[in-house]
Amino acid sequence: MLASIPLVVCVIALILLAKARIQYHRFARSLSTERAWLLLLGGVLLHFGLVDGGFLTKLLAVIQSLGVGTAIGAVWKALEETPARSSLAAGLLLLGVSYGGTWLAEGGSSDRSHTEGEADDSGELSELLVELGPDDKLAEVAATLERFKATSERAFPNVDLNEDEDLAQYFIVRCAAEDAEALSKALQGDTENVDHVEPNLAVSIIPHLDGQRKEGAKAEKPVTNDPMLSSQWALEYANGLEALTLLYAASPRRRAKVAIIDTGVHGEHEDLKTIFGGDKKAMDPHGHGTHCAGIAGAVANNGIGMASFNLDGRFVEISSYAALGPRGGGRREDIAQAIVDAAEAGADVLSLSLGGYAKRPPQVYIDAVEYANKLGAIVVVAAGNSSEAARNHTPANVPGVIVVTALDRGGKKARFTNTIGGLDLPIAAPGVDILSAKPGGGYVNKSGTSMATPLVAGLIGVLRALRPKLRTVDVHKLLVKTGRDIPDKDGLGKAIDAARAIQAVLFL
Amino acid sequence: MQVEGTVVWLDFEGGFWGIEGDDERKYCPEDLPESVATKGKRVRMSYERSERMSTRMWGIEVDITRIEAI
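These protein sequences, in sequence, are chains A and W.
According to the numbering used here, the stretch in the first sequence is residues 82 to 589, in order.
According to the numbering used here, the stretch in the second sequence is residues 21 to 90, in order.
Among the hints, erroneous ones may be present.
Calculated cross-link-like contacts (lysine-lysine; reagent style DSBU-like; alpha-carbon spacing at most 30 Å) [stated by the list, open to error]:
no.	chain 1	residue 1	chain 2	residue 2
1	W	K46	A	K550
2	W	K59	A	K519
3	A	K494	A	K440
4	W	K46	A	K575
5	A	K493	A	K558
6	W	K46	A	K494
7	A	K494	A	K570
8	A	K493	W	K46
9	A	K550	W	K59
10	A	K558	A	K455
11	W	K59	A	K139
12	A	K354	A	K550
13	A	K493	A	K354
The calculated label-pair distances, taken between Cβ atoms and stated as ranges, are [claimed, not checked]:
no.	chain 1	residue 1	chain 2	residue 2	range
14	A	N306	W	Q22	56 to 62 Å
15	W	E88	A	D360	41 to 47 Å
16	W	A57	A	E279	53 to 59 Å
17	A	K570	W	E71	28 to 34 Å
18	W	D43	A	D448	38 to 44 Å
19	A	Q444	W	A89	37 to 43 Å
20	A	S312	W	A57	26 to 32 Å
21	W	D43	A	P480	43 to 49 Å
22	W	A57	A	K455	42 to 48 Å
23	A	K493	W	D43	27 to 33 Å
24	A	D360	W	D43	42 to 48 Å
25	A	G502	W	A57	32 to 38 Å
26	A	P480	W	A57	34 to 40 Å
27	A	D448	W	A57	22 to 28 Å
Everything labelled a hint here was simulated from the structure, so no lab data went into it.
Just so you know, even glycine gets a beta-carbon here, dropped at the ideal spot from N, CA and C.
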């Protein structure tokens, strides 16, 4: 309807000009003539404001309107028994240019007719994934969809609002490929009704994501341009190379904040500085925190050093809470305070590669973790390195934390790792000879459940960047469901499979 | 408190010294004096338990009050 207004205005203007020509035998200067010209100018400009599509589409619409108006003006003149052949010829010529230009722009395809409400099926179609708010209805965006002649259907028809208010509100929207960008912007601008819009990208099945990992399988060419990627066995073991491949086409809703609660982080490290959310002058006199930070979020594919799951730095931002001193030790109160501070600062994930022997978890930890969980933070902690039951170590024995045990290069229990008996949320990850950043620049290998923990924390950060509403239990369930069975599963938990976890979040 | 045990070098978490007690417990001092910092050295250690948290996560954190080779 709105798109018709410029045409009507131009037609009226051209009829008025035709009348003026009839009256004065030329476009003599008169008030009515000037008004008609102004009206025509307004009609032309309205095309650029109300007609959808690119510049060429709008220009062709202007020519079409001028053609229609000129032709109708010619008819008017003919009815007034004044010469109209040249006007008619001009009108027909303009119409010919308009339709011919439209035909060429659309690739020469015939049969552009389509009924209202149906997407054009003769040209290329694009799909968008649109998430409405939990209380919103498709009817509230129907006008926008109609404007672009887009169709829609529920993305997950078997999921209702009671089961999952996010998935139930996903719709696949199809439109002509040339309209996808404009439609996406229009929907994104409707912040009252639309939570999220993204292209429904096509992906192909990646071999050996069915759990049958090919022995010795390696990427034919590097997945990223990080020079030390080939030295990071842990990433490959955790299906990280396939995960990074998936992430190239993924659009995070935002960057997730991963807080490293440790000895500090060297904010200026070459592989961290672009994603470090704290004071760049921050230092780490011990080195442990910087190493953990690199594992969790070092920028992948920046041509520098190592990689993490943080492809192009788009998914994770690292912050640092120095609760441990230069000799690697710290007080419980300082650690609890760091948990609270990080959660209040909006951290999505807290990574704690620290602990100590305690048969019962300290109340201050219980309270701090409960508070962090309430604020939406997911707390990930190391199981510990005594080769004992982690339930006698804290904060591993605090309710509500995801506990990470360590695997060696063979996917077996690292000789030092604690085990998980009696804990609710265990998971395993590589923790031996793990390459990561060191203060002052450069990289070093370290081992420990400390190294396994930020690998999981970084992965959870990526998952949260893709789906910010994921909570601790959801994430753990997902990691277990997509994780790999290992020989010591009962003592360590399942091992993370980053590609399956990310795939599950992207394509539920 | 006092215990006798053997000094060990743990090569994870960046590397650190520990004492495996004859009582089959693991003791983790924040600092081990250089005089006894040798793998396999037999020591007698007087200590206080610490509630310290650390990056080491091995055994019981202790503060040494006295240590001597035996």
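Q: List in ascending order the numbers of the hints, as given earlier, that are violated by the structure.
A: The structure breaks hints 1, 9, 11, 13, 18, 21, 27; every other hint is satisfied.
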